[in-house]
Amino acid sequence: MTNTDWPLWEVFVRSRRGLSHTHAGSLHAPDAELALRNARDLYTRRGEGVSLWVVPSAAITASSPDEKDPFFEPAADKPYRHPTFYEIPEGVQHL
Amino acid sequence: MTAPTASTAPVAALALGDDALVLSHRLGEWAGHAPVLEEEVALANIALDLLGQARLLLSMAGDEDELAYLREERAFRNVQLVEQPNGDFAHTIARQLYFSTYQRLLYGQLAAGDTEFAGLAAKAVKEVAYHQDHAEQWTLRLGDGTADSHERMQRACTALWRFTGEMFQPVEGLDGVDWEGLRAVWRKSVEGVLGRATLTVPEGPQSGAWTAGAGRQGLHTEPFGRMLAEMQHLHRSHPGASW
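As they're listed, the protein sequences go chains B and A.
Letter by letter, the first sequence follows residues 40 to 134 of our numbering.
Letter by letter, the second sequence follows residues 1006 to 1248 of our numbering.
For the record, the hints were derived by calculation from the structure and aren't laboratory data.
Nothing here was measured: the structure is a model prediction, and the numbers come from that model.
A virtual CB, placed ideally from N, CA and C, is assigned to each residue, including glycine.
One or more hints might be untrue.
Here are the simulated lysine to aspartate or glutamate pairs, EDC-like style, with alpha carbons at most 20 Å apart [as the list claims (entries may be wrong)]:
| # | chain 1 | residue 1 | chain 2 | residue 2 |
| --- | --- | --- | --- | --- |
| 1 | A | Lys1131 | B | Glu72 |
| 2 | A | Lys1193 | A | Asp1183 |
| 3 | A | Lys1193 | A | Asp1138 |
| 4 | A | Lys1131 | B | Asp80 |
| 5 | A | Lys1131 | A | Asp1119 |
| 6 | A | Lys1131 | A | Asp1054 |
| 7 | A | Lys1193 | A | Glu1171 |
| 8 | A | Lys1131 | B | Glu87 |
| 9 | A | Lys1131 | A | Glu1121 |
| 10 | A | Lys1128 | B | Asp80 |
| 11 | A | Lys1193 | A | Glu1208 |
| 12 | A | Lys1128 | A | Asp1054 |
Cβ-to-Cβ under 10 Å is the rule here; a few derived chain A residues that face chain B [said to hold, decoys possible]:
| # | residue |
| --- | --- |
| 13 | Leu1042 |
| 14 | Glu1044 |
| 15 | Ala1047 |
| 16 | Gln1142 |
Produce the complete structure using the sequences and hints provided.
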């Protein structure tokens, strides 16, 4: 197999109605239409999904691993941000 | 263990089953050789769809393994188009475009009819619609792509054209299929795709002395024998072997 200069695409699959699209993986394709078809063949052939998104990987802005501490560390020791000090009314589920 | 002869097996199930089986094997030959990994999976996926159809169809005609692995070349009833070698990627796509368009239209008619194939066709036509879409997408991109891809795609469409007329020979047992109507719609559909792909519809007759087409009668082209030898040798070397 030869290398190609096809761009990379990120694939998001919605597994069921009511759930959000979840990142499933990535693939190469020459354009969006074929990326969608490749995604169908690679990620939904065993009945995994009801909807697909493909996004050019280049269009994604990601947080940098170098910034992990300034980004995420400060959240760890602030328990008052979690809604754990409320009494949950009866009958409320999935809170 | 004797292989059933063609004369005792339902003709239509063999014709449709052999089309699916042989094309499935040809597409399977791309495994490990496709231009890119994603396309290899796509072709293998189509091959598996066709293999599933072949199993159902051949089971209607007899024992699927005996029919697939123990028949001689002349007992196969597939059209010659599907046995043509993969060639370059453009040849594979042209073969896919011609055959999947035909299969989709034929299965559409069968699904609406009342033969024993109606149920199977209704399920398979959705698979085949995807095969046709895949072939169409690639025909558009190769035909309307680079000068090289255009030339290769045109060459492939022209080379395989002479095998297309055979698909519209009436098959015994498929009563109620409008073969001439099928041919007309097929032609319009293929012409539409080729036109949008900036390709020229090949000239030359689809039927007559200069065209190919006796696969349904058991006459096959030279590469088919080698393909069968590869497909059948394991079963013939180890009869009855299983996983």
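* Which hint numbers does the structure go against, in order from smallest to largest? -> none
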